[in-house]
Each structure stands twice: as C-alpha cells, then as structure tokens.
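Here are the chains, one letter per residue:
Protein chains: 2
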Amino acid sequence: MADKVLIYSRFPKTMTARFAERFELLDTGGKPAHEVFPAEELGGIRAMLAQGGSPLGADAMDLFPKLGTIVCYGTGYDGVDLKAAAARNITVGHSPGANAASVADIAMTLMLATTRRILVADQYVRSGDWAASKQSPLMRAQAGMPSRRIGVYGMGEIGRKIAARCAAFESEVGYFSRTRYDLPYQYFPSLEALADWCSVLMIAVRAGAETQNIVNADILRRLGADGYVVNISRGSVIDEKALVAALSDKTIAGAGLDVFEMEPHAPDALTALPNVVLAPHIGGHTLDSHVAMQNCVLANLTAFFAGKPLPYAVKSA
Amino acid sequence: MADKVLIYSRFPKTMTARFAERFELLDTGGKPAHEVFPAEELGGIRAMLAQGGSPLGADAMDLFPKLGTIVCYGTGYDGVDLKAAAARNITVGHSPGANAASVADIAMTLMLATTRRILVADQYVRSGDWAASKQSPLMRAQAGMPSRRIGVYGMGEIGRKIAARCAAFESEVGYFSRTRYDLPYQYFPSLEALADWCSVLMIAVRAGAETQNIVNADILRRLGADGYVVNISRGSVIDEKALVAALSDKTIAGAGLDVFEMEPHAPDALTALPNVVLAPHIGGHTLDSHVAMQNCVLANLTAFFAGKPLPYAVKSA
Numbered sequence: 000m001a002d003k004v005l006i007y008s009r010f011p012k013t014m015t016a017r018f019a020e021r022f023e024l025l026d027t028g029g030k031p032a033h034e035v036f037p038a039e040e041l042g043g044i045r046a047m048l049a050q051g052g053s054p055l056g057a058d059a060m061d062l063f064p065k066l067g068t069i070v071c072y073g074t075g076y077d078g079v080d081l082k083a084a085a086a087r088n089i090t091v092g093h094s095p096g097a098n099a100a101s102v103a104d105i106a107m108t109l110m111l112a113t114t115r116r117i118l119v120a121d122q123y124v125r126s127g128d129w130a131a132s133k134q135s136p137l138m139r140a141q142a143g144m145p146s147r148r149i150g151v152y153g154m155g156e157i158g159r160k161i162a163a164r165c166a167a168f169e170s171e172v173g174y175f176s177r178t179r180y181d182l183p184y185q186y187f188p189s190l191e192a193l194a195d196w197c198s199v200l201m202i203a204v205r206a207g208a209e210t211q212n213i214v215n216a217d218i219l220r221r222l223g224a225d226g227y228v229v230n231i232s233r234g235s236v237i238d239e240k241a242l243v244a245a246l247s248d249k250t251i252a253g254a255g256l257d258v259f260e261m262e263p264h265a266p267d268a269l270t271a272l273p274n275v276v277l278a279p280h281i282g283g284h285t286l287d288s289h290v291a292m293q294n295c296v297l298a299n300l301t302a303f304f305a306g307k308p309l310p311y312a313v314k315s316a
Numbered sequence: 000m001a002d003k004v005l006i007y008s009r010f011p012k013t014m015t016a017r018f019a020e021r022f023e024l025l026d027t028g029g030k031p032a033h034e035v036f037p038a039e040e041l042g043g044i045r046a047m048l049a050q051g052g053s054p055l056g057a058d059a060m061d062l063f064p065k066l067g068t069i070v071c072y073g074t075g076y077d078g079v080d081l082k083a084a085a086a087r088n089i090t091v092g093h094s095p096g097a098n099a100a101s102v103a104d105i106a107m108t109l110m111l112a113t114t115r116r117i118l119v120a121d122q123y124v125r126s127g128d129w130a131a132s133k134q135s136p137l138m139r140a141q142a143g144m145p146s147r148r149i150g151v152y153g154m155g156e157i158g159r160k161i162a163a164r165c166a167a168f169e170s171e172v173g174y175f176s177r178t179r180y181d182l183p184y185q186y187f188p189s190l191e192a193l194a195d196w197c198s199v200l201m202i203a204v205r206a207g208a209e210t211q212n213i214v215n216a217d218i219l220r221r222l223g224a225d226g227y228v229v230n231i232s233r234g235s236v237i238d239e240k241a242l243v244a245a246l247s248d249k250t251i252a253g254a255g256l257d258v259f260e261m262e263p264h265a266p267d268a269l270t271a272l273p274n275v276v277l278a279p280h281i282g283g284h285t286l287d288s289h290v291a292m293q294n295c296v297l298a299n300l301t302a303f304f305a306g307k308p309l310p311y312a313v314k315s316a
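Protein chains in written order, with numbering that gives the first Met the number 0: chain A, 0 to 316; chain B, 0 to 316.
Since the hints were made in silico from the structure, they are not lab data.
The structure presented is a predicted model; accordingly, all values stated were derived computationally and were not measured.
Misleading hints may appear alongside valid ones.
It does not matter which identical chain is used: a pair holds within one copy or between any two.
[Claimed, not checked] Distance condition first, Cα-Cα at most 20 Å in a straight line; then the derived EDC-like pairs of lysine to aspartate or glutamate:
(1) LYS82 - GLU260
(2) LYS249 - ASP217
(3) LYS12 - ASP128
(4) LYS249 - ASP225
Work out the full structure: start from the sequences and follow the hints.
This is how it looks when you write it as structure tokens:
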C-alpha cells in the first residue's frame, strides 16, 4: 500500500499529479483537514505537503500526533513554526533555489513593466489614444536602466540572480543583507542606506519575524519621488498600508508586486492605482520551476518514508 | 540671426526644446510643410529634422531646393531615400547607438511581459478573479527563461544588448545577421534556421527594402505553438496580416510589439487579442536616450551650419 501524504494547502491538481503516482494523497483542497477527512485517518498521517506561507503552528501540528515531516512546495517556509516543529521531532523540507531563476525573472518583469509603464502603454495603444495623438501624463519619458541604481535587499539565490540580470542592463547595483559577500556590487550596511542610494528597491529577503513590515513609510520616503519598489518575497515584508499611501500621494513613483499581505486578496486601494503592476504570486510559476520544485518534494518524501534525512531540509529546523 | 531648421515630422515640444535654444525652428507639427509655411520661407530651408520613419523621397526633397541635410532623431532613417538624397548632395544624419540600451530594454520588457503574461496576471488580481480562485487558462505555467532559446535577428548595437541581457537570464542565445561576428552566441545561416531553432524571435534588424515583410507566415510557423515574436525594429519587417492570423489561430503563442505597419495605428484585429503586449513605439523613449539622441542632433546641425561633415552621418548616404 502506498504511503499517505496529506495535502495541507490548496494545490491545483496539475501541481500534485507527479506525487499521486508515488503516494496516496489525501487532498484537503485547502480546507481544514478535520472537515474533509475522518479523525482516525488523520491520526495516522506522518507526512504533509504545504505551501510555505500556510500558517502551521503548534496547534495545527498537534492535530496530527504521528506527523513526522512537513514538506513545503517552494523555497519559503515562513508559515511553519520551526521551533514547534523541532519540539515535536517534525522535520521541515523545502525546495531551495529550485525556483530562483523563475522568481528573479518575475522581479525583472515587474521592474521593467513598472518603470517602462507597460500597462499604461498597452492601454494607450488599445484604447485608440495613440492613434488620436492624445496626451498621457503617465507616458512621459522615465529614466532608463543605465541611469538607474538598483538596490537588492537580500542576497540569497534569488537576490544574486536579480543582481546579475540588472548588471546586464547596465544599471548600477547595490545590496544590503545581513552578510556581506564577495560580490561585484556595492554593499550597504543598512536597509536605510540602501534605500537612500537606490532608485529601485528589489525585495528578495527571506520573510520572517525580523523582516515583518521592515519596508515601512520611512524606507519608502527614502526612495523618493522617482523611486520604485518591487516585491517578490512575501507580502509581510512591506507595510502594505504605508505602501498604498506612498503610491497614492506620489511619495514614490510606482511598485511591482507579486506578493501581498493577505493572499489571495490585494486591497482595493492597491488595485485601484494606475502606477502599480500586480501579479498573483506567480514568481515560481514556470514549467521549469515546477519540475524542479516537484523534484525536491519527491526526494524529500521518498527519503522520509525510507527513514532517511531529508535531502532538502530547512537548515534551522 | 539664428540658423533655421525645419521640423519636418511631428515632435512633442519637450523633444525639441534644446534645439530651440540654438536654432530658429519652423515646426510643421507633422503637417505638410507648404500648408504651414509660405513657399518663400521653405525655399531658404537648408536643414531639417525628421523622424527616421517619416517618408522622405525625391519629390519631398525637391520642395526644398536649398536643402543640404536631413537629420533624423534616433537610429533609424528608413523613411529617407538615401539615393535621392545623395543625388541632391543632401547629407543624412542620425543618432547611432544613442538609444540602443533603451530599445534593448523595451525588447526585454515586451518579451518578459508577454511570456510571463503580465497583462493577464495584473487583470487577474485587479478583477478579483484571484481572490475568487477562478481558473484562467491564460495563467497556466509557461516555460521559464532558462529553458528558452532566444533568437536575435540583427546584431547591431541593439541586437548585441538584447543578446547580452538574455544571456544574463540563463537563456540560450542564437542569432542571424548578414555578417557573422566573433560573439559567444550560436550563429544561424538564415532567418529560417533561426526561427526553427528559437522559441522567442527578437527582431532587431535594420528596416529597409530587403527586410520588408521578411518575418512572414512561414517564419512564424517555424516558431511553433510555444513560440513568441518581439518586434522593436520597424513594423514593416513583419507581415502584420500574417502575424494577426498566426496569433489568432495559435500558430504562435504570443507577441510583444513596439512598432506597427501604419503608426500610430495598430489594427483592430491586433488590439483585440489577449496574447499580445503592445507599446506605442516607446523603445527609445527614456530620459537618458532622449538626451543622447538630442546630443547627436545638435552635433549634426552645428557641424552642418559650420560647413563641416556630419559627425553622425548615415554611412551609406
């Protein structure tokens, strides 16, 4: 009989098809597990698959007395209470780096789409305004990439790929992260210093308690009226209310966002703005990236059921 | 008295402000010059500023018997009949390379926006479909950049910058141009061979009679159902009817277009499509690029009125 895996978060069937070939999947469809499956079935659950952002605290873990591993699909695991997991001997796995190129590419897409006003441009053509030679203040020329300073916040695999791409666009690149690396980019000792220097802030830092709302009204003010912010990390890193205010009163010029505080909800105040480009958390959503992430999930689950350590374990867990 | 320059094409005042400081500008606003200015005034015109795409044939030149130079704003000069100009001892100037980074960047913007479906994504968030977990066939995962083959058609300054940027995205890069260069990209001996190989065709070739409609139904068919085409050169390079057909019947997956056959008009059949991203010829439209192009224009006009050769002359003219 195949080993059972609880699908704890909502996943499209296309994303779990390869797991179904190897395991018996108990798919909650994202609903509370005890509403979907009888208690005796859940009592035997040893492994679960989750979205890294799904809240998984001590209480949730205690509903599964035999739980031995939480495997996250993707790089993030910010929803998982790592201390609670460790206290229960629950290992936590993820897919490190598997989606780094895909996420870095959505960061670049959002930055270019925002700074070159591509939504406005497309609408200008489709509406007939171009043909009618109508003026559009939003179509005014902006700075080009060679005169922009790109500040990368966080220098993990995604941050490095963003930096390398920006350098190819002839932009100046700087970064701030807890650790200073031997990299050909200017290092800034604080997020404040980076924000003062850069014209586009690319948020690629790992989300967690210490980065909660760290990009606040003060940081946004430092970017200035020609400044942009792009977030492909987690919604929690930005103070979303402060961002809406800064975008509305032109404290900054625009934003490109793949992540939001309360996904899948983006606040109305944000979706009403013309100077933002919004994406439904599709950073890791490419075919290559899904295959790479699924490979990590399969390797983690297979190792777990064979009684071996997870090959892609969360390090601090 | 300041030297007179006829503004032959339609230019926003912001783009000609620096020229007005040095020359007396006769601005046609894009209308036929003889409808705006008296014949005796036009009879003395020695220099004109034009958009490279504005039709300027022998007949048009003969309206200005003293014309000595046509200075194009930007890289292109495809509207100018170079043989007719040479026969009349009219020199032709342009701004080579001045907008190369800006145009390469719009090519990247259009490629990423199209392949990552950013217009659809933004609408998916703004409409509330994401919050409602609605399915969207257009939001299905696509190939990521590391698994794409980018075919660059034309290896001038813009083509090189596109290729360098794509390489930073971990894509395979190939190219076709009349000349084979010592470059770290695979060379293909024909446009057909490039189209067979690549999944994204980036058109960066100089427009002219020999490239008229060269990207036709056959080339598009070779790109295949997962293929994309991005055009930042001139609308004339693509057979626009064949492109609309290929996009409508899914012969190719999508297109990103900054240029069109009959600007500023984009055909209704194109603006109705969901799998295209359209821009109103804004490739060179960044602040840095405008300054660089204006520097070339000023240098060309100043040299001309001083009786010196144009520093940025069209070579074959």
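Cross-check of the supplied hints:
no., hint, in the structure
1, LYS82 - GLU260, "neither (23 Å within a copy, 62 Å between copies)"
2, LYS249 - ASP217, "within (14 Å within a copy, 48 Å between copies)"
3, LYS12 - ASP128, "between (42 Å within a copy, 19 Å between copies)"
4, LYS249 - ASP225, "within (9 Å within a copy, 40 Å between copies)"
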